[in-house]
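Chemist: Residues per chain are reported as follows:
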Amino acid sequence: MHSTLGNEIIDGLIKALQLILSGDPTVMEITGRSILVSSSATMLSVLWGLPAATILGLKRFRGRFLLKGFFNAMLGIPTVALGLVLYLFFSKAGPIGFLHLLYSPSAMIIGQAILITPITVSFIASAIESVDPEIKDLAKTLGASETEASIAVLKESMNGVVLAITASFNRAIAELGVVLMVGGNIAGLTSVLTTTIALETTKGNIELSIALAIILLLIVSVLSISINLIQRRKT
Amino acid sequence: MRKTYLVWVALLVLAVIGSVAGTMYYLGASTKNRLLISTTTSLYDTGLLDTIETEFETKYSIDLNFISVGTGIAIQHAQRGDADLILVHSPTDELKFLTEGTGVNRKIIAYNFFAIVGPETDPAQIRGTTPFQALSKIVESGRNGTTKWVSRGDNSGTHVKEKSLWRAAGFNLTTLTKESWYINAGSGIGETLKKANYFSAYTLADVGTYLKYYKDGLISLKVLVEQEKDLLNVYSAIAVNQTLHPTVNFDGAMAFVRFLISDEGQQIIEQYGKADYGQSLFYPAVRLLKENTEPTIAQWIKEYAFFNDTECPPEYRKGYPELYN
Numbered sequence: 000m001h002s003t004l005g006n007e008i009i010d011g012l013i014k015a016l017q018l019i020l021s022g023d024p025t026v027m028e029i030t031g032r033s034i035l036v037s038s039s040a041t042m043l044s045v046l047w048g049l050p051a052a053t054i055l056g057l058k059r060f061r062g063r064f065l066l067k068g069f070f071n072a073m074l075g076i077p078t079v080a081l082g083l084v085l086y087l088f089f090s091k092a093g094p095i096g097f098l099h100l101l102y103s104p105s106a107m108i109i110g111q112a113i114l115i116t117p118i119t120v121s122f123i124a125s126a127i128e129s130v131d132p133e134i135k136d137l138a139k140t141l142g143a144s145e146t147e148a149s150i151a152v153l154k155e156s157m158n159g160v161v162l163a164i165t166a167s168f169n170r171a172i173a174e175l176g177v178v179l180m181v182g183g184n185i186a187g188l189t190s191v192l193t194t195t196i197a198l199e200t201t202k203g204n205i206e207l208s209i210a211l212a213i214i215l216l217l218i219v220s221v222l223s224i225s226i227n228l229i230q231r232r233k234t
Numbered sequence: 000m001r002k003t004y005l006v007w008v009a010l011l012v013l014a015v016i017g018s019v020a021g022t023m024y025y026l027g028a029s030t031k032n033r034l035l036i037s038t039t040t041s042l043y044d045t046g047l048l049d050t051i052e053t054e055f056e057t058k059y060s061i062d063l064n065f066i067s068v069g070t071g072i073a074i075q076h077a078q079r080g081d082a083d084l085i086l087v088h089s090p091t092d093e094l095k096f097l098t099e100g101t102g103v104n105r106k107i108i109a110y111n112f113f114a115i116v117g118p119e120t121d122p123a124q125i126r127g128t129t130p131f132q133a134l135s136k137i138v139e140s141g142r143n144g145t146t147k148w149v150s151r152g153d154n155s156g157t158h159v160k161e162k163s164l165w166r167a168a169g170f171n172l173t174t175l176t177k178e179s180w181y182i183n184a185g186s187g188i189g190e191t192l193k194k195a196n197y198f199s200a201y202t203l204a205d206v207g208t209y210l211k212y213y214k215d216g217l218i219s220l221k222v223l224v225e226q227e228k229d230l231l232n233v234y235s236a237i238a239v240n241q242t243l244h245p246t247v248n249f250d251g252a253m254a255f256v257r258f259l260i261s262d263e264g265q266q267i268i269e270q271y272g273k274a275d276y277g278q279s280l281f282y283p284a285v286r287l288l289k290e291n292t293e294p295t296i297a298q299w300i301k302e303y304a305f306f307n308d309t310e311c312p313p314e315y316r317k318g319y320p321e322l323y324n
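Chains as they are written, first to last, in numbering that gives the first Met the number 0: chain A, 0 to 234; chain B, 0 to 324.
It is worth saying that the hints were derived from the structure and are not from the lab. Keep in mind that this is a model prediction, so the values were computed, not measured. Take the hints with a grain of salt, since some may be wrong.
Stated by the list, open to error - Below, simulated DSS-like cross-link-like pairs (lysine-lysine); rule was C-alpha separation at most 27 angstroms, straight line:
{"#": "1", "chain 1": "A", "residue 1": "Lys14", "chain 2": "A", "residue 2": "Lys91"}
{"#": "2", "chain 1": "B", "residue 1": "Lys214", "chain 2": "A", "residue 2": "Lys91"}
{"#": "3", "chain 1": "B", "residue 1": "Lys317", "chain 2": "A", "residue 2": "Lys14"}
{"#": "4", "chain 1": "B", "residue 1": "Lys228", "chain 2": "B", "residue 2": "Lys214"}
{"#": "5", "chain 1": "B", "residue 1": "Lys177", "chain 2": "B", "residue 2": "Lys193"}
{"#": "6", "chain 1": "B", "residue 1": "Lys193", "chain 2": "B", "residue 2": "Lys273"}
{"#": "7", "chain 1": "B", "residue 1": "Lys194", "chain 2": "B", "residue 2": "Lys221"}
{"#": "8", "chain 1": "B", "residue 1": "Lys58", "chain 2": "B", "residue 2": "Lys273"}
{"#": "9", "chain 1": "A", "residue 1": "Lys14", "chain 2": "B", "residue 2": "Lys194"}
{"#": "10", "chain 1": "B", "residue 1": "Lys95", "chain 2": "B", "residue 2": "Lys193"}
{"#": "11", "chain 1": "A", "residue 1": "Lys14", "chain 2": "B", "residue 2": "Lys162"}
{"#": "12", "chain 1": "A", "residue 1": "Lys91", "chain 2": "B", "residue 2": "Lys162"}
{"#": "13", "chain 1": "A", "residue 1": "Lys67", "chain 2": "A", "residue 2": "Lys14"}
{"#": "14", "chain 1": "B", "residue 1": "Lys162", "chain 2": "B", "residue 2": "Lys228"}
With the rest of the complex left out, here is chain A (with noise of 0.2 angstroms):
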């Protein structure tokens, strides 16, 4: 059985790749519906993360430090953990059961994004309080208001800014937990490369499932690297 595993993975990669060079209807699909799901997550977190941690970063107020460890301590949260409480809160039993969310794309887009929040808030947040301060102070005595004063931060800090969207991206088409509980892994409405690897595995479909877990390392490799190829190119 051993002796096969480097067999299993070499089949597993050149299934992976008939499967995507051949367009496979189901990986697409699934392909697809993660991508969309997790970038749908990270723009939510995005709108709501990137004026808090604006005001986390430049501002000092009472309370920061603790809002700060709390973000900071989320940044680890189980998926699994999260996924409970969001089925419970999804739940037709529960306090938002009537919006009829759960086992929807809807359910686990929000469950992302929540989840993704803690890495969008703080790695934001440290970026621009990496930012030498006396840019906003230059920019006040320049004669910007105090929003303009803030953005100049923020376009001065958008290195970091661009690294914690992709890491929120990556954690979250990379996390299984929240999605299974929430999504039930239906298939044709709910399922993704994570929760469809895990199904495969057990169903015993490992070639389907290396290729779908080659998928998933790919788009996340070629993110980050593509990233990293422009940041060089503008620096």
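Dock chain B against the given chain A, drawing on the hints supplied.
Modeler: Coordinates of chain B only, in the frame set by chain A:
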């Protein structure tokens, strides 16, 4: 400052509305008539439900969504109103589900047998014994350190059956589960079979799933004890009571139940797996019970899975009287 704040809020609201509306659109017509079915893992892992789904969806504009869990969790989903229909195989739990009012219109759809499977070398020498003798022998050699037992450990129908077998064989489960040779897998049937295979251990499995995994080359375990009255496995469908959970798709659930017990549905169950595995993985139960085609098995099913001489006592029926003619 104030203005940008408002812009952000507006953007946020738009994003939320956009994403919800977007996914609603993305779900398309499927949200209109979608039927959520929480099912025992064996029916799903074997691929039977995929075949049934394909046939069903060509005839009805109902989108079947299966969530493969295990009888225990399936019943919990239904109790919370998160499923429209459950496919389960644990008569005692089913009766509780009916009496508490959550489930209605139970129909027995299929049966097969559980089997005690284990390594070909059969260290506990259970081949050819009765289930109870086999369990005693497994305990003995487990304590000697010559074998292991893998339990589902997930409150599924198979797990409930396993526990009742241990009790009937005269063992105390609380002490048994603490012994080192008793492995709690906490997983579905497919995964449990693979774990038992890895540890060269014994386990209880339904013959359907076992056959699929064996013929697919995923496990090399052998069936050692089977085809006993005590190892009967009966699958039923139960709809969720609409009075209790007004939002469930009751009509959709009943349409699917009627399809399952129709000649066509029963035919699919009977044929499934014959070509690939040389025998049916599940046997249809409707005709058998109605026309008493196999009196012995019909009698076993009645003793094991009927409540007051019927598959669904009248007080737990709701409309659709033709189901019980």
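Chemist: Which numbered conditions among the earlier hints are violated in the structure presented, ordered from lowest to highest?
Modeler: Failing hints, ascending: 1, 2, 3, 10, 11, 12, 13.
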